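Please work from the sequences and hints to get the whole structure.
Protein chains in written order, with the numbering used here: chain A, 1 to 353; chain B, 1 to 235.
None of these hints come from the bench; they were simulated from the model.
A quick note: this is a predicted structure, and the numbers were derived from the prediction, not measured.
Ideal Cβ positions, reconstructed from N, Cα and C, are used throughout, including at glycine.
Some hints could be false.
Each computed EDC-like pair below joins lysine to aspartate or glutamate, with the alpha-carbon atoms no more than 20 Å apart [what the hints assert, rightly or not]: (1) B:Lys129 x A:Glu341; (2) B:Lys125 x A:Glu338; (3) B:Lys68 x A:Asp203; (4) B:Lys129 x A:Asp203; (5) A:Lys184 x B:Glu90; (6) A:Lys347 x B:Glu108; (7) B:Lys125 x A:Glu344; (8) B:Lys67 x A:Asp203.
Residues of chain A clear of chain B, computed beta-carbon distances all greater than 12 Å [as the list claims (entries may be wrong)]: (9) Met175; (10) Arg196; (11) Ile198.
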Amino acid sequence: MNNNVKAVRAYRRNLSIALGLILLVFVLIPVFVKSPYVLNVFVLIFYMSTLSMAWNLLGGMTGQNSLGHAAYMGLGAYASCLLITKAGANPWLSAIFAMVVVGLVAGVIFYPCFILRGPYFTLVSIAFGEAMRQFIINSSFFGRASGVGLPFGKDSWLDFRFASKVPYYYVGLVMLLGIYLLMKKIERSRMGYALRTIREDEDAAAAIGINPTRYKVMAVVVSAMVAALVGFFYASYIRYIDPELMTQAKSTESVLPAVVGGAAYVEGPLVGGLIMIPLSEFLRARFSAMLPGINMLMYAVVLITVIRFRPTGILGWYMRSKVKEFIDVKLLKKPPVEVFEAVELEKNRGKGA
Amino acid sequence: MLKVEGLRAGYGAINILWDISFEVREGEVVAILGSNGAGKTTMVRAVTGMVRPSAGSVNFNGEELAKKSSRYILDKGIVQVPEGRQIFTEMTVLENLEMGAFNKPTREVFARNLETAYGRFPKLKERAKQAAGTLSGGEQQMLAVARALIGMPRLLILDEPSLGLAPNIVDDILDVASSMARNDGIAVLLVEQDITKALACADRGYVIENGRIALQGAAGELATNEHVKKAYLGI
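And the structure:
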């Protein structure tokens, strides 16, 4: 084993240790932080970042900007709640049911509109979200404008029902990590490559044998299913849902972490969520009592500043920054590119290629 | 090898191709000529399944492909270099080439085909890790051709390779195309506006006007044809 291989292994080990430490911090937070308010902010970060990752599969990876993700989340929440309250189903089973139903609805609705190109998808997604909200407001089966509540009772894992925020914290964290790994897997799969080529040039994708419509439908179905999972989590956590969950403003909120964090990266929504959600909560807690609405104004200023000066998001900036260089080279001891290439070459030679 | 008969196609209610018939034989370079709007690109899209023909037949080695999907047609060995290059600018050169082997039959022999493509275009090997959008126009066109070669064409369709390129680079690309036809037995269908260059490289040619084949013949004959001279060469 030569020095190059050793250097690459050492770097990979350092990277795993660093990521492990970050994860450990998140695992230990509820042990030391007892304030329900702070824990609530973390739960909010977890599910909003997950929702934003769902958006990013379409908006970031495929280049199809959806402005209706609150609708998938809302439909998932309703599907789960109604199955629990009307059919007495187990909440965990209701989650699977909600994902399947919402995935099917999204596939059926968007298949015809993906044959068209350009902004039509965005327009249909807005209309879809509002149509679903109006439908629920006017349907007594869905509880009209007064919404649906989930029963309270004693703590139970089977019923996914707790008085404390700690279990939701951990379930939310697991959901976030699971969906992150899924997105990472999709990015590196054939589907991920197909989606990226579609984002860049649909004609060229078709010329090399990729069916753009098929892959866009696959992306919207997966994205809607993840949003429905978030809806289930939200409903079980808040234990009450109403059509307000599906407003246009909520759809926009699902876009922000991805765009601020960096939509070109799977990690973008995580970074964006970790920064924007505490900021939004802080501004609300600190300033909204002084002058109603001032917190939203300040939030908007931050947003406009980021988008104006860092259009590729925080990660887009980080990837080319001195900070990354410092962390990579000094802290993680990342070897230069040539070393990776040499190792890669060695490995391929071993295969006889 | 490829025999197209009575091909008719268009977009929605608008018909572009009325009656297109032509033939490409093994190891041959065939030029399809015509001015802007004559229907050349629509013809390419109809042959490769990106536009569904409303009538006619596309026969490839005895198999009817007129109603097949573009993926199926690609797997049979009809690979195109689309008009305007259409490479994936934000992906690296290597990733672009990998995308040429997206479908199964070509994926398994990707490593070997990659070496062949690098052999033809050594510049691309040097730039493998670079984003494709940072290549020059000529290099991008080479990348588009190399990506098509990775797809193991039996018939390679080049749609306006001269578009926006310096004349000497066009020559390089046409040289590669004709050497593939002569040495590797790949048939080449060259769709061009630049009639002089196309006829210099092709064996035979067809002239499309208003969605119909107006003229056909050996390249030398077409180059001296009075109508072609008047209408396309301005002499």
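Practice problem: Hints the structure violates: just list their numbers, smallest first. | Solution: 4, 10, 11
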